[in-house]
Amino acid sequence: MKPGLAVDLFVLVAVSFITIYFIAKSHDKKYYLRNIAGLEAIEEAVGRATEMDKIVHFIPGITGLNNSRSAVTFSGLEVLNYVSRTVANYGAKLLVTIRNVMVLPVAQEVVRNAYSSIGKINSFDYNSVQFLTDNQFAYATAVRSILQEGQVAANIMVGSFFAESLMITESRTSCRGDSDRWNYQRNPASFFYYYL
Amino acid sequence: MAGTWIAAICTLGLMSFVIKDSPLYRLAEYTFLAVGTAYSFVLSLERLNPVIITPIKQGKYTIFIPVALGLLLYSRFFRGKQWLMGFPISVTIGVGLGLSLKGIVSSEIVKQLSDTYTSIGSLEGVLIFVGVICVILFFYFSRSNTGANPPVLAVARKIGRVFLMIAFGCMFSNVILSRMTLLLGRIKFLLGDWLNII
Amino acid sequence: MNRNNLFLGITVIITLTTLVAGFFDLSIFNTISANLVNWSVVIGLVALATAIISLMRMHVKRIMTRRREWFYSLYFIVVFTAVCSIGLIYSSRGQPFMYVVNNILVPLSTTIYSLLGLWMATAAYRAFRVRSIDSTILLVTGIIVLLGSTSFGAAISPVFARITIFIRLIPTTAASRGILISGGLGAIALGIRILLGVERGHIPGQSK
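Chains as they are written, first to last, in this note's numbering: chain X, 166 to 361; chain E, 3 to 200; chain U, 12 to 219.
Hints are computed from structural coordinates only; laboratory data are not their basis. Think of the CB as a built atom: it goes at the ideal place given N, C-alpha and C, for glycine as much as any other residue. Please note: incorrect hints may appear among the correct ones.
On the chain X side, residues computed to face chain E include the following (Cβ under 7 Å) [claimed, not checked]:
#: 1; residue: GLY169
#: 2; residue: PHE175
#: 3; residue: VAL176
#: 4; residue: VAL178
#: 5; residue: THR184
#: 6; residue: ILE185
#: 7; residue: HIS192
#: 8; residue: LEU198
#: 9; residue: ASN254
#: 10; residue: LEU260
#: 11; residue: ALA307
#: 12; residue: ILE311
#: 13; residue: GLU314
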């Protein structure tokens, strides 16, 4: 073993076994989960977008899948799965904008599978998942432009973000929509989670 | 001289957004998009040589495997063949998961826990330890705040919330200061390098 | 073996190989892991064209259907093509390309970065209202740290600087560590769920 990594390996194995245990137990027992305002807000936002006949915009983070932040991107893609199924159920329109090249095909498959899982594969459009640009702030500028066109009713951002997230969420006042933003990382803008 | 004027017009174009969304801002925005995307594209194309072409010239033909996997991503454009994308996606996700699990355990769990535990000897260390526990309990979702649950959990969550609010206020101020410094830098460029006023 | 299990199996084997290489000093695993990381970079490079094709299709469609402000899409394609041509002909280190980067990209990036300060101020104006205890704590802490970090605050009283040091040392450290630990545990749990096949949304042709 590499020196100094015994504790790390022990922690990883222990947390893994605990996770596997609770996943196995969850088949028999329904666990209580307290209300998470962000999750409830997603359904509400999609419903509002359907009523207004406008778009639900989603960003699964700005980092890629082959670095140490990939776990956060995966969490964003899992929420994209949920959002896609909700959007497909409601019959609303979805737009997913991507910054990283490798996330594009994965996000397209996630959305496609979500539509397929509820039997609405005919409603799926590959163009609903778009790559904008690789540059961090150019990406944020492009997203601001999309939000300010006035066709977006809900903007959901889940995944790895940095300073550009503030730019994007500040355009909320222009589009008069709603914005849910989750970012667990210790970065300067994360406090907005509580106020959006 | 021309370069300074171009930079100044681009700067003013983006800054004009503060007043009003105007055609100048839109031009600056689309210029930023186009040049930023082109910059990344050119750098990526230049990486093809050392990453793919040079190994092939050196006889390392195993590089054809990831090239073939990457080409499978284009199966998206062929009806009925989209499933082939599963190969490159699985490889990429496997690598990403492996790197992130190792990195997260080392940097975000073990290091943080050990630094918290080793600093307990002082009053500050005890306060930090209590704060860390309370913040972790704040993110414990499978018990409610009320009902037949230990009241210490509700109290710990309240303390965790206070710690989080203080931390966010501090982080916000730090970022405001650093961004204002950058803004002063741009204003200095416009008034100094461009208009020669200062 | 069906396709979904095959893709899941590939993911599991590659993840375990990378993890073993990370924790153990076994030359064969180190070599395979290094190659796999290189492969993921190559896959990303080869896949670049899919992203550019997607982007160009979006802009061309806007031009063809004469959507609102379609001329900006035309402008985008022209500038993108021009800068790419300059970069490919003269190389990214060539003087023409560096001229474009230094006089257009860098000023634009720096301007956007600096405007974040203004956006934070407007966000703070909306968010920092004394509506609840939480927002009061956030507002008061923000003001104290702002004053404690500048000479203006030092001119009013040295107490601000001392409280700022305390805030940075204890609550901020504790909250940061708590968030990182919680997020790290969640990320490991998500990784295990992907490896067990509980989360399969990313596998082509998979529907739950």
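Each hint tested on the structure:
1. GLY169: violated (9 Å)
2. PHE175: violated (9 Å)
3. VAL176: holds (6 Å)
4. VAL178: Hint on VAL178(X): violated, closest Cβ of chain E at ~10 Å, above 7 Å.
5. THR184: Violated. Min distance 12 Å.
6. ILE185: Violated. Min distance 14 Å.
7. HIS192: Nearest chain E Cβ about 16 Å off; hint violated.
8. LEU198: Since the shortest Cβ distance to chain E is 5 Å, the answer is holds.
9. ASN254: violated (23 Å)
10. LEU260: Cβ of LEU260(X) sits 17 Å from chain E, so the hint is violated.
11. ALA307: OK, holds: ALA307(X) within 7 Å of chain E, min 5 Å.
12. ILE311: Constraint on ILE311(X) not satisfied, violated at 11 Å.
13. GLU314: Since the shortest Cβ distance to chain E is 11 Å, the answer is violated.
Comparing the model with each earlier hint shows violations of hints 1, 2, 4, 5, 6, 7, 9, 10, 12, 13; every other hint is respected.
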